[in-house]
Amino acid sequence: MISLFNITRFHPNKSKPNIILNNVSTQFPRKESIGILALGGAGKTTLARILSGVERPDSGHIQRHSSLSHPIGSTAGFHAGLSGAENVRFLARLLRRNVKETTDYCESFADIGAYFHRPVGQYAPVMRARLGFAFSMSVEFDTYLSDGITSAGDHNFRDKCEAALLERLTRSGLILMSRHARTLNRFCTTFYALHVGQLLPCSSAEEAQDILDYAGGYGNTYWNEAARHAG
Amino acid sequence: MTNLANGAWNWSNTIHSIMLREVRCRFAGDPLGYAWTFLVPLLWIGTLMFFFTLLGRTPAIPVDTPTFIATGVVPYVLFRYTITSMGRVASTHRHLVHFCGVRVSDLLFAAAMLELLNAVIIFAMIWLLISAIFGPVLIHNPLEFINGLLLTAIFGASVGRFAAILGMVSETAKRMIPVVLRPMFWISGIFFTAPELPSNLIPYLQWNPLLHTIEITRSAVFLDYTSTFANMAVPLGLSAIFLMDSFVMQTAFSRGRDGLELT
Numbered sequence: 001m002i003s004l005f006n007i008t009r010f011h012p013n014k015s016k017p018n019i020i021l022n023n024v025s026t027q028f029p030r031k032e033s034i035g036i037l038a039l040g041g042a043g044k045t046t047l048a049r050i051l052s053g054v055e056r057p058d059s060g061h062i063q064r065h066s067s068l069s070h071p072i073g074s075t076a077g078f079h080a081g082l083s084g085a086e087n088v089r090f091l092a093r094l095l096r097r098n099v100k101e102t103t104d105y106c107e108s109f110a111d112i113g114a115y116f117h118r119p120v121g122q123y124a125p126v127m128r129a130r131l132g133f134a135f136s137m138s139v140e141f142d143t144y145l146s147d148g149i150t151s152a153g154d155h156n157f158r159d160k161c162e163a164a165l166l167e168r169l170t171r172s173g174l175i176l177m178s179r180h181a182r183t184l185n186r187f188c189t190t191f192y193a194l195h196v197g198q199l200l201p202c203s204s205a206e207e208a209q210d211i212l213d214y215a216g217g218y219g220n221t222y223w224n225e226a227a228r229h230a231g
Numbered sequence: 001m002t003n004l005a006n007g008a009w010n011w012s013n014t015i016h017s018i019m020l021r022e023v024r025c026r027f028a029g030d031p032l033g034y035a036w037t038f039l040v041p042l043l044w045i046g047t048l049m050f051f052f053t054l055l056g057r058t059p060a061i062p063v064d065t066p067t068f069i070a071t072g073v074v075p076y077v078l079f080r081y082t083i084t085s086m087g088r089v090a091s092t093h094r095h096l097v098h099f100c101g102v103r104v105s106d107l108l109f110a111a112a113m114l115e116l117l118n119a120v121i122i123f124a125m126i127w128l129l130i131s132a133i134f135g136p137v138l139i140h141n142p143l144e145f146i147n148g149l150l151l152t153a154i155f156g157a158s159v160g161r162f163a164a165i166l167g168m169v170s171e172t173a174k175r176m177i178p179v180v181l182r183p184m185f186w187i188s189g190i191f192f193t194a195p196e197l198p199s200n201l202i203p204y205l206q207w208n209p210l211l212h213t214i215e216i217t218r219s220a221v222f223l224d225y226t227s228t229f230a231n232m233a234v235p236l237g238l239s240a241i242f243l244m245d246s247f248v249m250q251t252a253f254s255r256g257r258d259g260l261e262l263t
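Here the protein sequences line up with chains A and B, keeping their order. For the first sequence, the residue numbers in my numbering are 1 to 231. For the second sequence, the residue numbers in my numbering are 1 to 263.
Check the hints yourself; a few may be wrong.
[Said to hold, decoys possible] With beta-carbon atoms standing in for the labels, derived distance ranges: (1) H140/B x H11/A: 32 to 40 Å; (2) N185/A x W9/B: 40 to 48 Å; (3) P12/A x R57/B: 34 to 42 Å.
[Unchecked claim] Quick look at which bits of chain B chain A covers, simulated, 3 or more residues with Cβ under 8 Å: (4) 74-80; (5) 225-238.
[What the hints assert, rightly or not] Only part of the chain A face toward chain B is listed, based on derived beta-carbon distances under 10 Å: (6) G53; (7) P71; (8) L82; (9) R93; (10) G148.
No wet-lab data here; the hints were simulated from the structure. Note that this is a predicted model, so its numbers are computed, not measured. Quick reminder that beta carbons are idealized off the backbone N, C-alpha and C, glycines included.
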């Protein structure tokens with residue numbers, strides 16, 4: 001279970017602060033697949049960073065009673081000067097997982113051949129993405145966190161990623177943030193719309209989409225004000 | 001108690017992993033790799049010896065020039081490398097905070113520990129080299145020598161922590177730190193002893209903690225030299241001030257320029 005209590009987060013601005021999350025309180029049960037629909041710039045990444053503890057809210061607090069993954073497919077932890085194998089070994093050690101099992105899984109899943117033992121700096125972006133996703137799937141968590149990424153690489157590899165993620169969701173939860181209702185429908189069972197700092201519960205991804213459509217994308221002032229007051 | 005022991009074990013594993021990663025990453029792609037860490041101080045000693053010879057200068061105490069320079073260069077290298085390394089890890093390994101509760105403070109601590117370990121290795125290497133060339137050199141007071149090295153490490157880590165947090169808050173400050181630290185090479189007694197200083201400079205330079213730690217180290221190494229200048233209260237006191245300031249800054253600016261948590 002991950003619980004948010006009155007979370008507020010803003011980015012300082014010259015005229016007035018840009019409020020990203022406004023007094024948000026909710027609970028994400030451990031094995032549930034949560035989908036959060038939001039427009040670009042609405043605060044998906046900020047929410048993901050707050051959930052994972054990388055950022056602290058300006059007010060409110062979070063309680064985590066289950067392990068939460070790093071963002072799925074993230075390659076930020078890879079050092080360009082180290083080989084894929086070395087990066088995986090290091091991160092596995094850091095996460096206190098079996099180093100050999102994790103390395104073998106990543107080598108097999110990423111399927112990038114000899115490049116696995118070459119510096120990540122020499123990888124094409126698609127290879128890096130493959131390795132990032134492979135590493136995410138190599139480690140078991142109670143809940144996986146995704147900032148819009150549910151697959152990586154070319155068409156065939158994307159199918160492989162989605163199959164691996166769906167298989168993982170039979171025993172783990174997911175918090176997925178996306179701009180696309182279709183993506184949420186594929187992986188999630190519970191839905192929210194993130195709009196002007198509010199996390200609005202919805203019965204379906206379509207309802208979340210309707211809310212954002214009704215809000216008029218980025219510019220409907222009336223809805224923006226209404227959502228602000230709802231908090 | 002078990003939870004505490006488990007926590008301590010996990011934390012030490014995290015620190016160990018970060019240190020290993022830093023060793024692998026620092027000079028990744030360079031043929032000489034991590035050997036640069038040990039080669040650079042040797043090159044410094046060589047350069048300073050060259051200038052000593054060129055200027056016909058001899059140490060103020062009756063010891064051979066390489067040993068005299070080494071007792072100044074090693075503490076300076078420990079101090080300077082610790083600051084540089086702590087600033088670098090806060091930047092190059094910052095993405096590790098996404099993984100399993102690694103905090104910025106863990107990165108900084110791991111960097112400081114690694115530099116202390118490096119300094120011990122550097123000193124051992126230099127000592128072996130000098131002993132091989134000039135005959136065995138004994139450390140007169142090993143405990144005081146360890147004290148000098150630890151004081152330098154503590155001061156370096158305190159300034160390093162302060163500088164790293166400051167650098168995460170302000171890009172301008174980050175660029176200014178090396179400029180501000182540059183005079184330390186000239187005013188810390190690397191190639192002179194405190195009694196050689198002009199009397200009008202002593203009231204100012206007595207506030208330089210590195211000068212005190214180098215004097216402590218020299219007094220410990222050489223039988224014929226006892227520093228009346230060295231006072232360990234200066235490095236300890238200023239370390240405490242820098243450390244406290246770094247924590248105050250961390251609290252005041254809860255997040256860095258890139259939004260990362262500064263814990």
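| field | Hints the structure fails to honour | value | 1, 3, 4, 5 and 10
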